[in-house]
Structures are given as C-alpha cells and as structure tokens.
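Novice: If you want the building blocks of each chain, they are given just below.
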Amino acid sequence: MYRLTDVTKTYRNGHAVVQALRGVDAVIDDGGWLAIQGPTGHGKSTLLQLLGGLDRPTSGRLEFGGRDLAALHEGQLTGVRARAIGFIFQTFNLMPTLSAQENVETALVPLGVPGAARRQRAAAALDLVGLADRRRHLPAELSGGQQQRVAIARALVKEPAVLLADEPTGNLDEGTRDEIIGLLARLWRERGLTMVMVTHDSVVAQHAQCRAVLRDGLLSATQQV
Amino acid sequence: MFLTYLWRELRRRARQALFIALGLALGVGLVITVTAASSGVKNAQGTVLHSLYGIGTDITVSTPAAQGSGGPSRFLVGGGLPTAGSTFSKHLLLSASTGLGPLAATAVPGIRRLPHVSAAAGALVLTNLDVSGTMPSIKRNALRRPDTSINTSSFSVLGVDLAAARVGPVSSARLTAGRAFTSGDAKSNVALVDADYAAQHKLRPGSRVTIGSSDGTGTSFKVVGVLRAPAGATPADVYLPLGRAQALAAAAPGGGNLKHQVNTVYVAASSAAEIGAAGHEISALLPRATVTTSGDLASQVSGSLASTASLADDLGKWLAAAVLIAAFLLASLLTLAAVSRRVREFGTLKALGWPSRRIVGQVMGESVAIGLAGAAAGVALGFAGAALVTRLAPPLSATVDQGPGQTGAGLGARSRILHNLAQASTHTVSVHLSAPVTVSVLVLAVLLAVGGGLLAGAFGGWRAARLRPAAALAQVG
Numbered sequence: 084m085y086r087l088t089d090v091t092k093t094y095r096n097g098h099a100v101v102q103a104l105r106g107v108d109a110v111i112d113d114g115g116w117l118a119i120q121g122p123t124g125h126g127k128s129t130l131l132q133l134l135g136g137l138d139r140p141t142s143g144r145l146e147f148g149g150r151d152l153a154a155l156h157e158g159q160l161t162g163v164r165a166r167a168i169g170f171i172f173q174t175f176n177l178m179p180t181l182s183a184q185e186n187v188e189t190a191l192v193p194l195g196v197p198g199a200a201r202r203q204r205a206a207a208a209l210d211l212v213g214l215a216d217r218r219r220h221l222p223a224e225l226s227g228g229q230q231q232r233v234a235i236a237r238a239l240v241k242e243p244a245v246l247l248a249d250e251p252t253g254n255l256d257e258g259t260r261d262e263i264i265g266l267l268a269r270l271w272r273e274r275g276l277t278m279v280m281v282t283h284d285s286v287v288a289q290h291a292q293c294r295a296v297l298r299d300g301l302l303s304a305t306q307q308v
Numbered sequence: 008m009f010l011t012y013l014w015r016e017l018r019r020r021a022r023q024a025l026f027i028a029l030g031l032a033l034g035v036g037l038v039i040t041v042t043a044a045s046s047g048v049k050n051a052q053g054t055v056l057h058s059l060y061g062i063g064t065d066i067t068v069s070t071p072a073a074q075g076s077g078g079p080s081r082f083l084v085g086g087g088l089p090t091a092g093s094t095f096s097k098h099l100l101l102s103a104s105t106g107l108g109p110l111a112a113t114a115v116p117g118i119r120r121l122p123h124v125s126a127a128a129g130a131l132v133l134t135n136l137d138v139s140g141t142m143p144s145i146k147r148n149a150l151r152r153p154d155t156s157i158n159t160s161s162f163s164v165l166g167v168d169l170a171a172a173r174v175g176p177v178s179s180a181r182l183t184a185g186r187a188f189t190s191g192d193a194k195s196n197v198a199l200v201d202a203d204y205a206a207q208h209k210l211r212p213g214s215r216v217t218i219g220s221s222d223g224t225g226t227s228f229k230v231v232g233v234l235r236a237p238a239g240a241t242p243a244d245v246y247l248p249l250g251r252a253q254a255l256a257a258a259a260p261g262g263g264n265l266k267h268q269v270n271t272v273y274v275a276a277s278s279a280a281e282i283g284a285a286g287h288e289i290s291a292l293l294p295r296a297t298v299t300t301s302g303d304l305a306s307q308v309s310g311s312l313a314s315t316a317s318l319a320d321d322l323g324k325w326l327a328a329a330v331l332i333a334a335f336l337l338a339s340l341l342t343l344a345a346v347s348r349r350v351r352e353f354g355t356l357k358a359l360g361w362p363s364r365r366i367v368g369q370v371m372g373e374s375v376a377i378g379l380a381g382a383a384a385g386v387a388l389g390f391a392g393a394a395l396v397t398r399l400a401p402p403l404s405a406t407v408d409q410g411p412g413q414t415g416a417g418l419g420a421r422s423r424i425l426h427n428l429a430q431a432s433t434h435t436v437s438v439h440l441s442a443p444v445t446v447s448v449l450v451l452a453v454l455l456a457v458g459g460g461l462l463a464g465a466f467g468g469w470r471a472a473r474l475r476p477a478a479a480l481a482q483v484g
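One line per chain: the protein sequences are R and B, in this order. Residues 84 to 308 (my numbering) are what the first sequence spells out, left to right. Residues 8 to 484 (my numbering) are what the second sequence spells out, left to right.
No wet-lab data here; the hints were simulated from the structure. Since the model is a prediction, treat every value here as computed from it, not as a measurement. Please note: incorrect hints may appear among the correct ones.
Here are some of the chain B residues that sit facing chain R, going by a computed Cβ distance under 10 angstroms [said to hold, decoys possible]:
{"id": "1", "residue": "Met8"}
{"id": "2", "residue": "Phe9"}
{"id": "3", "residue": "Lys229"}
{"id": "4", "residue": "Gly354"}
{"id": "5", "residue": "Leu356"}
{"id": "6", "residue": "Lys357"}
{"id": "7", "residue": "Phe390"}
{"id": "8", "residue": "Ala479"}
{"id": "9", "residue": "Leu480"}
These stretches of chain B come out as covered by chain R in the derived footprint (C-beta under 8 angstroms, 3 or more residues) [stated by the list, open to error]:
{"id": "10", "segment": "11 to 24"}
{"id": "11", "segment": "189 to 203"}
{"id": "12", "segment": "361 to 369"}
Where is the CB? At the ideal position from N, CA and C, for every residue including glycine.
Extracted from the complex, chain B is given alone in its bound form (with noise of 0.2 angstroms):
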C-alpha cells in the first residue's frame, strides 16, 4: 500500500515532482560538475608542482647564494689566465651560478629524523660550463676590443641521493632506456641523461659525457639511462650521484670542491596533513634555510590555472551552494503547499486510525522518491557538465618565476625568485585540465539529493503530523 500509494500520488503532481526533482538535479549535477572541475584543476596545480618538485616531494630546503656569486666575474681556472695566444679548452663545474647556497650535507640526516618527515633526499644543483679557444692578447690602451675565439656551453647537472631516491626530482621521471642508478653507482663515473638532452646530443646507454671539476679539468662519465621528466618539467640535462657531483664541483669559480655539501634539500613529510608542522620543524632545525612547502610554491603559480583554481574554489562551489539552497526551498516550500492541498486527505486518513508516523513516513518517502530521481537526474547532469568541462576546456598555463638555464627541478621558489632578482625569466607549463568524476563525489551528490527530499518531506511531514483530524474533516466543508 505503502508503495502503491506514493507513486500514484507521485503521478498525480507529476508536473510538480517533476519540477521538484529537477530543481535537485540542477542544484546536484552543478555540486558534481564544479567539484570535478576542482578536482581537475587540483590535478592539474599537482602535475605543474610534480614537475616543479617531483613526486612525493612536499618541501625544499635551500639557501640563497651570497651575495657576489652570481657569475664567474674573473676567469681563474688552474690558478690564472692561460697566456695570451695559448689554447685551452677547461670544464667546470659550478654551484654559484644556480643562485643555490651551500648547504651541509650533514643537515640531510637532521632533516630524517624530525618526527613529521619520512623522507629526505640531498641533492647538488650544479651547472657545467665548457669554455674552450684561444686566449686573446690584450694590449693597454687598445681602444678597439680584442678579437676573440673563445667558445661556452653550458648544461645543468643535477648530484642525486642514491640511498634516498623516492623524494626528489628522479623520483617522478620515467626511465626510457638503460636502467637507473643503484646504490653501487655512489662512487662510480657513471650518469643519467634526460631524453631531451640526450636526443640533442645523440646520447644512449654506453655514450660518455664529459663533467667539468673545480680545476677545470673534465671527467668523463658513462651513460646508463635515459630519463624522460614529466610534462610541463624543466629537468636537469645530467644527473650524477650526489658524491661524485660533490667531489668535482665547485663553490664559486676557482674555489674549492664541495664535498659533504649540497644546496638542495627534497622532503616527504610523514603525511599531507604534517607539511607544514614539518616546515617548521626544518625552519627551527636550520633558521637560515629557505623552506618551500608546496603549498608555498602553488601560491606562486600565476596564470589561467590559477584564475581557473580561483575561480573554481568561489564562484562555483558558491553557485552550487547557492542552487543546492535554492532547491532544497523550492522542494520544501511546495512539499508544504502540497500537503496544504491534502489536508482533506491526511484527515481522511487520520479518521482511518493511520497514525500521523504513518503519513508522515507517506510523505517523506514521495520526498526522497523526488529526490531519488532528482539524485539520478542531477548524476547524469553533472557527468554531461564534467565531460563538457573535460571537452570544451581551453588549455591552461601555470605560470611560475625561473631563471634560464636552470634546472626548475632542483630549485626552491625562494631561491629562484632571489636568483631570478637579477635575471627575472618565467617558466610557463600548459596543462590540460579534466574533469574527474570520483565514487565519493557520486556518494556525496547522492546524498545530497536525498537530504534535500528528506527535508522537503520533514517540512511536509511536521506540517501533517501537526493536523488535528477534526480540524483537517472541518475544513472540508
């Protein structure tokens, strides 16, 4: 009876019902559309600060380069100028140039131990500069500039922590051929190269590649991998193991090696909710350091992703709201004209003995019936409003401040601002954004739409369970 009742009732104020259950579907499929949309552009803030970080990667710790470091300002390699006329061919290998101070390798450990870390992972951003060609003379008071043939290249190396690999800028690329380091690789000439790198300069598995030191001399270390950084990445062009990075590489051009330091620390915290309390800890652990969180770095992307983020996290969500609200009303206020309209009918019933629990649960459940359907209805809505967020979505860029030639992958937001003072550049990531629709989204809109019929019918329900019969038969006439 029970059944039988509702939905013949049901199909009595069908226009009603149906006006009832599109204004949920509306209000559901809009809660399921924007939060698609915002799980997308979350996504998407994700992939852009993966390429930035690395997978897994939720804080850097680095410190600025003093002051004056910017550059080789004087060519001092191998203790002075090569004679005038003399040609020299030298490789380097530098920190200064990153814009990256030195950091004690000892604080990595420090780092480890903290309560809300589970993982830290040293590294040693690092540029190669080749400089080769004939020396100039230059005579005093020459007022004509000396003609030179002196060559430069330059790539970017990255030293990598081999016992901690799953933090850190590797972590998140894919290895395309040969195979990765493996922790009996700590002390051996060996590198990794990024596919890019390696197809402009015809590297495999077996080439050699030629790394720079301190006293310009050049190492030579053999390939065994390809790496392929994630899109929207600017990986570093070589990859070594950290202590062989810190063995050859140089403070400051003509200084001495770095040795038991590097510049970059990659953190995992021990959860996403522990970030920040992690952040602290490191600030309290090494007061000079800069510590980005990713949280820190997604503040500083700039660009439609952002304005999309932005937008997606106030309008939207406020527009669901708003329609959400604005459903659950409307289905109140006519579920309470529509058992106005029954108060003949609920006293009918009432003078049966059907006790009011009884036809307060006979309105509840054409609520929820409307909502049942308003939920499937909205469902089908919101995936049609995803898949049109995934299809009709323009392309979005993520905008964020680095310096040229530098590795994005191994470079904290602070340092690379710092850096970039003097050599202000952006780095802009283009990202596709989807609109994923999740169980837990499908669950939550679901609900929703129940709720709004179970408070529709609670309003209704409350207003019958309050007719006294023989006020209800009164009105009859």
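So here's chain R without its partners, still in its complex pose (with noise of 0.2 angstroms):
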C-alpha cells in the first residue's frame, strides 16, 4: 500500500530549520496495521500527515498505492483524501453545530454522494458503531468515547482503503480507550483495512500487527508482532 523511500520532512519554525523527518524508509503492506510510537516532537504526526496525503515530503519518494503522492497535484491529492483515506483525530475534530448523523455525512460530500444515500449510509456507519440512537445528538451532547465513535464512522463511512488515527486513545480513560481499540481491531479484521495508528499507548499499540518507533525523525525498531 505504502512504499516511503528516504523520506524527509523540514519545517521552517521562524528562524529555525525544525528536521521533522530525517530519511525514513518503510513498507507498509495492504491489510497491515502498523502503530508508530514515539517520543512527542520527534515526527510521528508529521508522518501521519505525509501518509495522509495532507502534507509533501521535502525529499524522497512516497508511494501510495503506486502512485508518488509528492507528485500529486493539490486537486488529486484531494480527491485521494476524500476517497481513499479515513483520518481518526485524537480531538475527534467533529463539527460542533452538526448532528453525529451530519457530521458522518461530511465525509461524503467531496464524493458527490446524494443527500438520501449519504444519510443511509451514514446511518449504517452509525449502526456499525453501536450509536444507531444517538444519531441526532450534537458532539456536545455525547461522552468522550461516542464521539470519537462518530470520529470512527465519518472515516470508515465512504470505505477508505486506509485508516490513519493519530493518538485515537489519547483523550480517552481505559475503558473507552479498551472499547475504541477493540472497535478498531474489530473493523481493521472485517474490512481489511490498511491501519497506520500513531499513539504513546503501548496498550494500544500492542494490538498493532507492526509496531515501530520514530526518534528524531528516523523510523527504527520495526517489530513484527
């Protein structure tokens, strides 16, 4: 799925050169579930994002799906977010004034989907969540752990190839995050997803069929679980 060839990322932080990622080489098979974990600031959400097509490499080759998403123009990379990959936020980053049914339907929008269709769909989604009752709640109106649920469904809704979370758990207690993990790894399994998941957990990242860590910008240690 992904093929990452002496990937770097450098962000330019005022006067400061910050070098995100420093050469990173990685394959991550179709159906993989790889969890990065790290230290904070040594580049994990950087490469989150690169993966996401959200962001460029500086230098290297980062292949999706056989295609060099660095040489993607802004409007194909769009369309590449909107119909291949799933984005899972640790800030759940739901829409404040949409319902949980709305805010699923956002991800169907870019795909031109009609409003009867999208509603089903976001309803089954809903469904596969277990919050089929709490479809016209507001975010404000649902615990932690539905809401990122609702986070959960808005990316699987439109059937992504990918499933990038970016600390999925972080702002969740041990149970919600037991229940979101187990979620995960339930539709990881049904769909055959590719799941790359950034977390500080090792709870978490346990459940992950690769684990590795990203230091100062260079991914090492891949372990195969």
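Take the two lone chains, each set in its own frame, and fit them into one complex as the hints suggest.
Specialist: Structure representation (structure tokens):
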C-alpha cells in the first residue's frame, strides 16, 4: 500500500529550521496495521500527515498504491483523501454544530453522494459503531468515547483503503480506550483495512501487527508482532 | 448539507452574525434614506424649476432690454399729451417694462433646427397697462403739485406660440375650465386666463377682457379657457395667441408694434444630457442672446431647498458611504476572525477531502446570507428613514430673484437679474420635501449589502483557502 524511500520533511519555524523527518524508509502492506510510537515532537504526526496526503515530503519518494503522492497536484491529493483515506484524530474534530449523523455525512460530501444515499450510509456507519440511537445528538451531547465512535464512523463511511489514526485514544479513559481499540481492531479485521496509528500508549500499540518507533525523525526498530 | 451547515453555523455565531447584519443594515438603510431624500430634493428642485420654466423646457433664450427702456418716462399716447382737463382712457400693451429686449421671430425656427434641440417656442412677455382719468392742467412756476385723478392698473400678458405647445409655461399649466388654444386660434381674439386672475376679476369662459395696443386703443378678447399654473409658479394673467400679441404690442411707449418679434424662446433639448450642447449651439447662433439652462437657474435658487440639496449631496452621501465602508470593513474583519477560529474545522474538512473551493463557498455562503439579512433589515430601515424624512421634514423654501409684476414664467434668470438691478425683489416658493424610495434604489441597496457580504466572505474564503491542512490540524495540539 505504502512505500517510503528516504522521505525527509523540513519545517521552517521562524528562523529555526526543524528537520521533522530525516530519511524514512518503510513499506506498509495492504491490510497491515502499523503502530508508530515515539517521544512527542519527534515526527510521528508529521509522518502521518505525509501518509494522508495532508502535506508533501521535502525530499524522497512516498508511494501510495503505486502513485507518488509528492508528485500529485493539490486537486489530485484532495481526491485521494476524499476517496481512499480515513482520518481519526485525538480530539475527534467533529463539527460542533452538526449532529452525529451529519458529521458522518460530511465525509461523503466531496464524493458527491446524493442526500438520501448519504443519510442511509451515515446511519449504517453509526450503527456499525454502536451509535444508531445517537444519530441526532450534537457532539457536545456525547461522551468522549461516543464522539470518537462518530469520528470512526465518519472515517469509515466512505469505505477507504487506509485508516490513519493520530492518538485515537489519547483523550479517553482506560475503559473507553479499550472499547475503541476493540472496535478498531474488529473493523480492521472485518474490512481488511490498512491502518497506521500513532500512539503513545503501549497497550494500544500491542494490538497492531507491526510496531515502529520514530525518534529524531528516523523510523527504527520495526517490530513484527 | 450546504444549507444545513450554513444555517447551523450562523445560529452558532448568531450574535456576531446579527452584529454584522445590523452594520450592513445601517449602511444600506442610510444609503436608501439619503438617496430617497436626495431624490426628493431633486424632485423639489424640479418642481421649482418647472414652475419657473414650464415642464419640458430646458433652456430659455432672451435678450436684456436696452438701457433707458425700463418704463414709460414720458406719456406719449396717440401722438401727444391729452389736453388739460380732458378725460381719457388708454390701453397699452408694453414689452419694455418686462426688462426683456426683442428677438427676431425668425430665430425660433433657426433654434429648432439645431442638432441638439427637439423643440423651440417663441413667446412675448408683455405688460398691459390701463390708464384713465382727467388730464390735470399744469401751470408754470406752480409751487404746489397739481391734483391728478389718473388711475392705472396693469396685468401681465403672455403671447404663446400655438404651434409649439409642448414647451413653455402653458405646457405645465392645467386647464380648469373651457378649452385650450387650438391652431385655428392663431388669428382670433381669444385668450386664456390664469385661474387666480380669473377669480379676482370674475372671468370665465365666454367673458371678455380688454387688451391694449401700441397706440393706446383697446381690443376685446374672448376668454376661452382658464388655466391653473403649477404650485409655486408665477403665471401670466392672460395668455394670447402669439401672432395677436405681436400685432398689438409696443416695443416702447409710443413705439411701433412687435410684429415678427418675440422676447423669450423656450427650448427643449433632445435629451437631458444634451442641454449643455444645445445651449452652446444657441449661443453660437445668437451671440447677443442670454441663454439660460435649467442648471443655471438651479444654481440661482437659494433658500432652505438649496441648503438641503447641498446637505444631501455633501454630508448625506459621504455619511452613507462612510457607514457602508465601516460596515464592509467590520464584516470583513469579523469574518476573518471567525475563519481564524475555525482553522481546526476547515483543516478537518480538508482532511476529509473537501476541496478548497467548497470550503470557500461555505464561508462565502454564510457571509452572503448575513448580507441578505442585512439587506432586508436595511430596506426596512431605509423605508422607515424615508418615511420619517417625508413626515418630519419642514417645508423647504426656494428663493429666486424676480421683479414685481412680472410673469415669472416668462423670464430667463439672467434677464430677471438685469431687470432686478433696478427693482430688486425675490420670489419664494414653498416646497414640501418627500423622500421617494425607488425600485432601482432598493436593488442598489440589496446589491450593496450582498456585495458587502461577498467582500467579507471573499476575505474569509481567501484565508480559508490558504490554509494548509497539515498546518491547520497541527494547531489542534
């Protein structure tokens, strides 16, 4: 699914130049689950953003399904994100004014899915994550775990090939964390997803097929579970 | 989804949206009110000018009377003085006392043929003077002034061109009784009389009125109609067919008649934009004539109407523009601030695959919706403001120079001023100010409000479009 060859990413932060990634080489197979761990500020989120087409590498080659993401123009990247990649964020990032169902529907808007089909698919996705009875609730009316379930439904409603999760349990208590990880593990298995997850939590990382550590911009110690 | 998202977002930012909408509404309301008041002032000016000129007249042409012809300095009637102790009754029709000099009637077709002129009508502005009594005997070296029993009365007479009725003072008057002149009246002794004059002298259609002549004899004219001049006008007392007035009138006391002469020409330009060009053409054709356009006359109008016009033009428009600009700036800044607060939201949408144009459209849609709300409120405010202006505005007065006893309808402003050097007087017209709101103003106001919304949305959209999704999400924490 992914092939990274000597990928670097350099930021300019004021006068300082930050080398977030210093030459990452990796292969992520279709249907694989990679957990990336490492200290804060060592490039984990940056790598996830490059994998999601939210940013471009400064140098190197980043292939997704055989296409170099760095060579795609903005419209093509947007299309890849809309069709093939689902995101889950630590802070859920739900639209506060939209209901759970409407939040899920937002992922289908760029695909041009008609309204009725959109509502039907969103309802099915919420049912999948166990929130069929919370469809009309606003995010503020849901618990953290429920909000993350809505975010998972939103990520999966378009049936993407890849699910990218940035600290998906970082804001949850242990019980809810286990529920969410259990849900993700089930969906990964049932749907044959390729999943890349950034996490500090070793308990969460243990569920992954492969674990890697990103330190000082270098990916190391890839560990097959 | 677009409308749902838009509506929910506006509800979330209801206070801010209301603030922006009210700002736009205030600007739009002021624009409508000021424009309506300005239109009202223009209408009022038009009323004044029409009352002086006649509807459809854009230019008057006249020449000042020669110096020393200001009035009868000697009483030469019928070839000499009546003998002492004899009684007499004379009717004189004079042009000299009007302050206007003669123009050849052939100038009228010449003016009519000019490229930027659509119509021209010659007219003869005259004063009828009736003198009667007993001639006193004047003894040489008498210390005491002799007793006199001479009575004089006068009224104004206007000879009008029957072939060009759509310009000139008669065009703006309303027929209240009888009939108007027809082309068959050109050589008939028929007259129209002003309604006030008719009431004062108990005249009605079928009555007779005696008009003087250059030799002091009177001619009886049959009244065929009664005219009511527009409000504020100073109409002639009696209107005659131009040919009859020319045949009877004297250029100066004791002088010959005014056959083939007029003393005012009323001109309609081919369009409002061509008035200046038509004026220049007439000046070139008649270098000695005084050419007065409606603009010239408007500039000589003073009083509260002129002050209001100046106020509407200067302060009102600038105030409306300033408020609108402030509202636009406020809307733009608040929209930018709102976008800045929604960076995370837009970053998430970009991560979900929303193209930038869709996000920009969402932001602009919200701004346009606020603009529309502002437009609706602004239109309501504008109507209320215009209604207040109409209701509360005090009567405005327009003052123009005018000599006593003159037919204001017949005088060019310059001629009037020359004449009034000796007999300074003013004529004040009272006009009620109304502030009409027109459809075009409403459309303009709505476009302004929506334009303001679009401008604000464009700023916000530009900011949203420039967001790099990675950077936007990085701000999340």
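Novice: Of the numbered hints stated earlier in the document, which are not met by this structure?
Specialist: 3, 7, 11
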